[in-house]
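Trainee: Sequence:
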Amino acid sequence: MTVKRRYLTEREVERLMDCARKHGRYGASRRDHAYRHGLRASEVCDLQWQQIELSEGRLHVHRVKNGISSVHPIRGDEMRALRKLRRDYPRDAHVFVSERGGEAAKMPFPIHPHMLRQACGFKLANDGHDTRALQHYLGHKNIQHTVRYTELAPDRFENFWR
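For the sequence shown, the positions run 3 to 164 when this note's numbering is used.
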């Protein structure tokens, strides 16, 4: 029996972001936010400039689905991409506007935006981050929603018995 995967691997995320840099209107910045901050598709679409403190390098994440909101640091490459985006679209209240596409990455299976959020959870769990901290980073009210990333992480046992 084949289990349908609900997340992207790090290599697949990089492939998607490389394609976005080459073909997308925003470069990879939208996908960076979705991936690095574990944003849901609706949270990316609703992201407004007032939530971003470029001078301080902070993103105020407003979670949906009754999730826990938090403040995340923004890395240098994200800061540069966001500053450019702000210069290019100075009047927009929202950071991103709709754009269609996705086939250009030639992924061997259908992908959807939530897979980036799932990929974030698996990557951070596999990197050994504390489950409770990961819960708050992803904005889960219930830790059971976070534990699945540690339970299902495919390479969690790689270093056992070495």
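Please keep in mind that the hints were generated in silico from the structure rather than gathered at the bench.
Please note that a few of the clues may not be correct.
To be verified - Below 27 Å or equal to it, Euclidean Cα-Cα: the simulated DSSO-like pairs (lysine-lysine) are: (1) K24 - K143; (2) K67 - K86; (3) K108 - K125; (4) K125 - K67; (5) K67 - K6; (6) K143 - K6; (7) K6 - K86; (8) K143 - K67; (9) K24 - K86; (10) K125 - K6; (11) K24 - K108.
Trainee: If a hint holds in the structure, say so; if it doesn't, say that too.
Mentor: Cross-check of the supplied hints:
Distance check on the hinted pair: K24 and K143 sit about 37 Å apart at the alpha-carbon level, beyond 27 Å; violated. For a cut-off of 27 Å, the pair hint linking K67 to K86 is broken: about 31 Å separates their Cα positions. Distance restraint check for K108 and K125: the Cα-Cα separation of roughly 22 Å lies within the 27 Å cut-off, and the hinted pair is therefore satisfied. For the given pair, K125 sits about 22 Å from K67 by alpha-carbon distance, which is consistent with the 27 Å threshold.
Restraint check for K67 and K6: satisfied, since their Cα atoms lie roughly 24 Å apart, inside the 27 Å limit. Only pairs whose Cα atoms come within 27 Å are accepted, and K143 paired with K6 is accepted, the gap being roughly 26 Å. Annotation: proposed proximity of K6 to K86 is violated, straight-line Cα distance about 38 Å (limit 27 Å). Proximity of K143 to K67 is assessed by CA-CA distance (about 9 Å); at most 27 Å being required, the pair is judged to hold.
As the CA atoms of K24 and K86 are separated by approximately 16 Å, the hinted pair is consistent with the 27 Å bound. Taken as a hint, the K125 and K6 pair is honoured in the structure, with Cα atoms around 18 Å apart against an allowance of 27 Å. Between K24 and K108 the CA atoms are separated by roughly 13 Å; this keeps the pair inside 27 Å, and the hint holds.
Figure legend: structure checked against the earlier numbered hints; hints not met, in rising order: 1, 2, 7.
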